[in-house]
Structure formats: C-alpha cells, structure tokens
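Student: For chain A, the structure is supplied; the task is to place chain B on it using the hints.
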Amino acid sequence: MNINRLIALSRSVKYGEILTSNARHAAKEVTLPHRTIRTHARDLAYAKDLFLGKVNKAECFPYPEIRNEELEEINSFVAPVEKFFTEEVDSKRIDHEAKIPPETLNGLKELGLFGIQVPEEYGGLGLSNTMYARLGEIISLDGSIAVTLAAHQAIGLKGILIAGSEEQKAKYLPKLASGEHVAAFCLTEPGSGSDAASIQTKATLSEDRKTYLLNGSKIWISNGGFADLMTVFARTEVVGEDGVKKDKITAFIVERAFGGIISGKPEDKLGIRGSNTCEVSFDNCPVPVENVIGEVGGGFKVAMNILNSGRFSMGSAGSGMIKKLIEMTAEYAGSRKQFGKNLSEFGMIQEKFAVMAQNAFVMESMAYLTAGMMDRPGVPDCSLEAAMVKVFSSEGGWICVSEALQVLGGLGYTKNYPYERYLRDCRILLIFEGTNEILRMYIALTGMQYAGKILTGKIKEMKKGNVGVALEMLGRKLGDALGRKVDLGLTGMDGVVHPSLADSAKKLEQNVAHFGSTVENLLYRYGKTIVEEQLILKRVADVLINLYAMTAVLSRSSRSISIGLRNHDHEVLLANTFCTDAFFKNNYWITQLQKNSPENQDENIKKIAREVLEKRAYVCSHPLDRTF
Amino acid sequence: MNGARCLLRLQSVGFLAPSVRAAVQHAALLQPATALSQITVRNTCGQALRRFHGSPGCYKSQPVPTDPGEEHEDRVKKDKSLITHDDLFERVAREAKTKATFNRVVDVFSKRDIRRRGHVEFIYAALKKMPEFGVERDLTVYNKLLDVFPKEVFVPRNFIQRMFNHYPRQQECGVHLLEQMENYGIMPNVDSKVLIVQIFGDKSHPMRKYQRIMYWFPKFKHANPFPVPVQLPEDPVDLARLSLNRIANDLDAKVTVYQMPCTDISESGEITFPHVVGIQSPDQMELLAKHNPNRPVFVEGPFPLWLRKICVYYYILRADPLPPEEKVEEPYDPERCFDFPLQLDLDLDRDMGDDDSFDVEDVDEGPVFAMCMTSQGDQATLNQWISGLQETNPILGRVPTLFRLEAGPRELQGVADPGPGYREEGEEEVETDIVVEEEHQRSQGVKQ
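Those protein sequences? They're chains A and B, same order as listed. Going by the numbering used here, the letters in the first sequence line up with residues 1 to 628, in that order. Going by the numbering used here, the letters in the second sequence line up with residues 629 to 1076, in that order.
The following block holds chain A by itself, in its conformation from the complex:
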C-alpha cells in the first residue's frame, strides 16, 4: 500500500512538472500540503473499473486513515462545534422564523466554519476533505445552517479556490473565510437547470475592454439575499480557433458592491426554511475583467468541477443526522409501553432501527472512503464516487427520517417533535446539487463511456464475427452458468478483506464480475444509443452504487476488525447484512438488464407513462362509472 502511494505521489509530481508550462498553479498545488483541492483528473479510479468487471483493490483497501495528529486536530474542532450546535442553535426557531439569527451566524463565524477548506494562509481552517466531512456530520444537525454554509463554501467560494488566480484568492478568500463576506453560487436560471445552452445571462465587454456588463437573472440562489460575493456564470462572446464568434460560458466573481444587483423576495420553502433562497437579477452590473475565474469561455469546466467536488460531504451529513435520530427515537422506543411491552420489543419497530443503523453505517463508510480517496496525493477524480455517495445518502436519509418519524407515530407528525422538520429538511437532499435522476445519468454514462472506450475494439471484432472473441465470450458465459467461482483477489492469499467478511466479499466479487459482463453486453446491444435508455442507465447506476457501498463497508469493517476498534463485531454484522441485501438486489437488477428478461417491465412502464402524458391526466375511468 505504501509503495502504491509512493508511486502515485511520484506520478503526480511528474504530472505537476508537465503542467507548470501551461497551467499557472499546478506546480504550486503539488507542492502544497495534501489538503488543497485539485482540479485535474487522475486516471485510476475505482468505480470506473467496476464497469470492466475489475476490482481495483489498491484504491479502496485498506480503508483510508488519518494520522493521529490530524485526528486530534479534528477532535479539537469537533468538540466546540458540537457544543455550539447542541446549546446555542435553536433549530425550531430558525425553522419557524425562516431566518438564522445573527448571533448564531456570528457564532458559526467565530468557530471558523465559514472557511473550513480555505487554506490557513488565507485565514481559513485549511481542513482536508475528510475533516470537512467530519464537521459536516455535526453541521447537518440543522438543515438550514448546513445549506447556508454549503452554499457559501462548497459551491459559493469553491470557484475561487479551485480555479481562481493568486490575486483573486488573496483579495477575496480571507474575508470569505472569516465569514465577513458570504458567498453564493449563481448558475441556475429560469430556463436552465443543467442545460448550459439555455443560460441567458449575458456578459458583454465594454468599449475600453476593462469591464464586463452582466445582464440577466438567476433563480434559487442559496444565500442570494445577503451574499456579498457571488460566483456568476454568464455567456460571453469568444472568438474560437477557427475565427468564428461563439457564445461560451464564463465564470465571474461578482461583488454586491459592484452595483446593479437586485435580490428578489426569499422563496417560501418546504424545508431548510432558515436558509435564504431567492432570485438574483443583474442589471448592467459592471464586473472588472480581472474578476473572471479561469479563462474567458472556460466557465463550463469551472462549473462542472465545482459541482462535482461539492457532493461527497452529503454522506457524512446524512449519517450525522441519522445517528442523532437513532438516539432520539431509541429513547422513545425504550420507554413507551404498549400492551405491557416496550415498543423496542416489537419486531417491526426493531426493523426500523436496523434499517437506520445500517444506512448510517453505509453512508458513513462511503463518505469517508470517498473523502479519503480525494485526500490522497495526486489528482484523483472522484466525482463518480462523490455522486454515488450523494445519491445513496440522500435516498437513505429520506427513508431513515421517515422511519424514525414512524416510530413515534402521530407524535412524530406534530411540530412538538423535530421529526417533521428533519423530514422536510432532508427532502432537499434528493433535489439539489444535481437531482438524483441527473446524477444517476452521470454515474452510468461516465462509466459507460470509460468502459466503451476500452471495449469498442473487442465488441467490433465480435460483431464482425470473429470466432475467437465470440468463443471466449461463450466460454465465459458457460463458466458463469456452471457456477464457476469468481476470484478477484479480495479474499485468499493476497486478500484485503478480513476472513469474517469473506462471504460478503465473494458476493461482491460475483456481482462485480456479473456487472462487468452486463456492461459489455449493454454496450454490444446499444452502443452509443444507450444515452437514450434511461431506465437501463438507472439500473446500471443503482447496481454501481450498491457495489461501491459494498466495497466501502467491507473495507471499513475489515480495518475495524484488524485494528480492533470498539464494537467491530457490530460493524461486521452490519456489513454482512448489507452485503447480502445488496447482493440480491443487484442480482435482480442485473437480471432485468438481460435481453428479453421477463423481470424487465420497461416497455410497459414507458407505455403507461406515454398514455398518461398524452392525456396529461389519469387515464382510467372512475371505478364507479357505468356504461349502461
């Protein structure tokens, strides 16, 4: 493992040297401590290899650790933050008044929570992704605060952090890190969610070529009502290489002080009511040319990098929330009596706690595995993993909160308890930072693209009728059918998984091998038109998420047993339960992906939807209707 890291490090150093010639900060980045955020992609990645039916165990095993000093450091941060959140933050009031009181905001600023990932030289805490995730666990106890902070630093100032020039960083980061200035991220427009082509906000260069004039409006801007600094994306005219003028997206740092910025009325939302979300319009807002982030016309990459890097923390946030909910509901279930028995003695209630514990465990494992991968030296591209963490934890969080509320029954439905607020707050997780549907597309298509590049030659040979390739394929299928054991090296001699998890590891291996051949099959069948097959892509993404989750829990609990962490047997139990569960789900989904599978109802699903959407209404007659 150590050797592996060394190799990765040396590789990245070389990479950095190459980059110095054309990128301004690459060299600096490499020499910086490993906590900075990097933008360039490293080739090797775990999730992509799963598409080829490979387990790249060097990436995920052993489970990433932090040094003792770092642990102490993070614990020293965690304690006061936890104290602050339990004692000073009145979530009920924030929710009710739809406003975070200034004293709370000041407290957050004093704790340095506005600049968690801003390097220390700019006055931030300079924490790594792992540490950021750890703090996220606590911050998530109040949805409104979590979203306000995330909008500020996970996306709002991230543009400056990852693509800003030295001058921009020096000018803006200190004030942002201290919380004196709050940042916002302005991308979404009334006619544009993920579609860059429908961005209407325009930035036109003035006569003297010194300022851009921004015109247009952005919607659903978190912190939009009071942010002093915004990362705004707008169209600019760029002369392309071929001399043709083209509209391209450019990112700008816009200060409210520039003038011409109008914030609309805050939106009245279902949850995260304390966070400020509103429309922001720009009316001839002058932005100096030096406030362009990155290059003119390079805004698309900036936006993508910001969006991709901000997602991983949702896993730890979700698990933090569920851990808190487990404590609260367990107390109720242990004390409430029905028929002379405690609620905790009823099987159906017990199941809910098992679900919550398992979800929290998996989310946590995925989140810290991903954060650890991102913190590795080199320039890892973990956007796929981060997207998976986001999808899994947002959906798991929603289920768990709902189950927790269910334990309390009617009480949970009232405003006397915080469950309804948690339920409302956590609904946003499935929507923002890329809806889960869009992220599934991203997950599946990125992997398909990667696998397709590698497999194209082979598939073409096969289509041409190359007997050798076809026979190899047939042999493998036959082997699968005869129940040949798959061995990808997770267990056994060079195994990385603890023997008590060997069964689960075998299940993972079997799933991965099966998944790999399914992907090949899908590429054979659909080629590049797979983009149109959203229902197939959804299943591919779901399988992949489960595979990654299985890897994360196996890796984590193997480490726990090996170093003898407290209650590691519980972890093993959770890991084995989850892996078995996921194994059967995966099998089902993979079966659905086979050609002519009777389990696959896609055609019917599409037809139902088509008929409903044609009428734009529920189609059936009322059951009480008569014809005579």
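Hint data in this document are derived by calculation from the structure and do not stem from the laboratory.
Calculated pairs, EDC-like style, for lysine to aspartate or glutamate (alpha carbon to alpha carbon, straight line, at most 16 Å):
1. K595(A) to D983(B)
2. K92(A) to E420(A)
3. K463(A) to D982(B)
4. K301(A) to D961(B)
5. K528(A) to D982(B)
6. K607(A) to D984(B)
7. K882(B) to E914(B)
8. K460(A) to D979(B)
9. K245(A) to D961(B)
10. K458(A) to D979(B)
11. K246(A) to E958(B)
12. K463(A) to D975(B)
13. K248(A) to D961(B)
14. K615(A) to D878(B)
15. K849(B) to D625(A)
16. K246(A) to D961(B)
17. K248(A) to E963(B)
18. K458(A) to D977(B)
Some residues of chain A that are not near chain B, with every Cβ distance over 12 Å (derived):
19. G179
20. P190
21. N215
22. I219
23. D228
24. V239
25. D283
26. K324
27. M348
28. L423
29. D480
30. N587
31. E599
32. Q601
Restraint ranges, calculated between C-beta atoms of paired labels, are given here:
33. I944(B) to S206(A): 45 to 51 Å
34. V239(A) to F901(B): 53 to 59 Å
35. P853(B) to S402(A): 36 to 42 Å
36. V619(A) to R836(B): 32 to 38 Å
37. V988(B) to S597(A): 24 to 30 Å
38. G981(B) to E351(A): 42 to 48 Å
Cβ atoms here follow ideal geometry from the backbone N, Cα and C, with glycine treated the same way.
Tutor: Relative to chain A, chain B alone:
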C-alpha cells in the same frame, strides 16, 4: 305430431307474410271488402294456431271472440286501425311532427282497443315514421312502442312452445324494433328489458337481441378515443374552437379569436364580418420563428372536417419542406450539460437485434404553422388572420405569404349562408390564385 305442427306453423307463416305486407302497403288503396277478407284469413289462421298449442291460461288472458256480433265489431275496428296505421301518422303530421304528436298517436292506438289488434303493423309503421318525427334517437319512445305489444300473451308456457318459434311475427317485430334502436345507437334500458320479459318471456328472440345489444354496446361505447360531443355547439365560434382543438391535438395549442362575427350597419349599407378563429401551439410558433424568411409561406384551404352531420372548413398556414441542402443538424456541444454527457464518444451503434424501430418511409410534408376557421374564406378575411398571427409571430412580417385558395367545396357548407357578394368573391379568389401561383413559380425560379 311434431311434423304436423311444424307444417301448420310454416303454412301460417307463409300465409301471413305476403298478406300483411300487402295490407300495410296498400291498406289505403284497398277496398274495405278485400281488406276484410284478408284479415279474416289471418285471424282465423292465427286462432287456429292458438287453439292448436295454446294453454288454458291463454284463453283467460285473450279470450277468443265467440260471439259473432262481437267479432264483427272487432273486424270493423281492425279494419279501421289497419287503414289508419300509416294514416294516423300522416294525419297528425299535418299539424306538427314532434315527439308529443308521435306519442299521442301511440296513445290513441293503445287506448282504442284493449286487444291491440294490428299492433305489429302499427309498430312497423311507427318505426318507419320515427325519423320523420325526429324521435329516432329517443329511448322513451322506443319503450313506449314496445309497450304497445300486449303483455304475457306471447310468453311461451311450456317447453314445446319454447322450443319452437312462438309467435314468430311478433317476435320478429320486436327484434326489428331493437334492431332499429341498434342502428341509431340507442341502448335499451332496464324498462325495455322488463317490457321484453313481460311481452316475450326471458328466452325469446327479442330478449336474445336485447342481451346481445347489451353485450356489445357498452363495449363499443367508448371505443372512439376522439369522441365528438352529441350536442355540437350552435355558435360558429365555439364550433370552430372545438374543431380546431380536435385537429390540432396538442394540449398546448392556443385558440385565438381574431374576429367575432358581427354586423356593422353604416351608411354604405350592412356589412357582415365573418368570424375568424385560429389555433397555434408554442411548437408551431417556434418552427415559424426558425423559418427562412426568403421562402414563402402558404395559406391553403379550405379543407373539410366532418363533425357528425356538420361539415366545417379550415385553412392552414404552411411552408414547403426544407430542401435537404438547408437542413442543418445541430452539432453536438460537449459543453451543453453541466451534469452528464449528452452523447457518448463511442464508435458503437445499436445492435440490429435491439433496433425495434420500424422502417417507415417518411414523406417530408413541410411544417404547418397555424390553422384557422372562418365562415368566409376569401383572401381579405384570411389576411386578417395572418395579420393577427403576426402580432405573436413577428417573422410573418418579413415572409412572403401566398394565398392558394380553392373556391370549391364551400357551397356544401350548410352553415354559411352565401350572401349576394359571395359569387364575386369566389371569382376574385380564383384570380388571386393564379397570380399567386405565378408569383410562387417566380420565386422558385429565382431560387433555382
């Protein structure tokens, strides 16, 4: 035994059919004597039959006239009724042909004679007259006609009767009545069923017919996915709205009334403005906005649209299909979507085994940008439509608009009342048509 009965029955049926037809058709012409003799034949025959396999109960319910005097009276009545079946309706029709008068005739017949002599003939005559009185789609009237049949008389009472065609003429008449209902799409109700059971019994031919109707009608009731309302709106604007929505079949399409029908009385005389109602969907607006302004758009029409018994005409605004050299495919922009790749950069196509698309030969027809309806399809009126469209589609100001109108089928239109200026306009149109065609060719020539 069986054979003999059959024979008798056949005989009687064969005997009856021509005589009845003759009676119905020529009743008015025939002299009372001949009619009388025929009826007697029929009567005796029927009675013979009745006696042959009638049950004692039958005598109770329909006593056979024994007294010669009574019989005579009966004959006279019969005689009268026979003549008046058609006549009754004819006479009433002179006043007014309405449901009320029709019902009155039926009532008169029913009350005239407790035995309802000649009811079969009466029902046949009534069925024939129904469309004249405009009651051919009225279920209550059909039920009333069914009610004319005497009850319980024709219900078979034993298995032998049930086995053979019991009272075939009456049953046939009942089936005919139901058939007419079927042809007009009228579904019988529970009242009809009760009547049929009372009249013919529950396993009779009319009952079977009823059951078949009740099996199929509900199944077919909603077979049309695009039902036309039974009551079409009277107002031409509402009618145009309905028809345009029907053709457009786009839930986003918006109907605009460019002009309400009105009459303006000024010094120069009375000027009638026709209604102009148009429809356009956002997709069509988008298409039109992308239209190359150098290519003309055409106003074409009128095209017929049938709504039940009404034919309306509509006009379309369309363009020629894009020539292949002008078709530009939007190049794939990899920086289009922030979140996921919209296209994969792969050199693999869909496998043939998974290509479920049909090989359809697409005939490029060119886009239709809007549709309209007006009662007066001359160029001036349609121009009004185009200028109204121009408010929402500014591009129309720059595109040459050509009118290719046909004068043809408007005469068929029942709704429009051709005024005195009608012909002239038509001629004018033909002229413009030619001019327009020339212009069109010219523009084509320039293009080529």
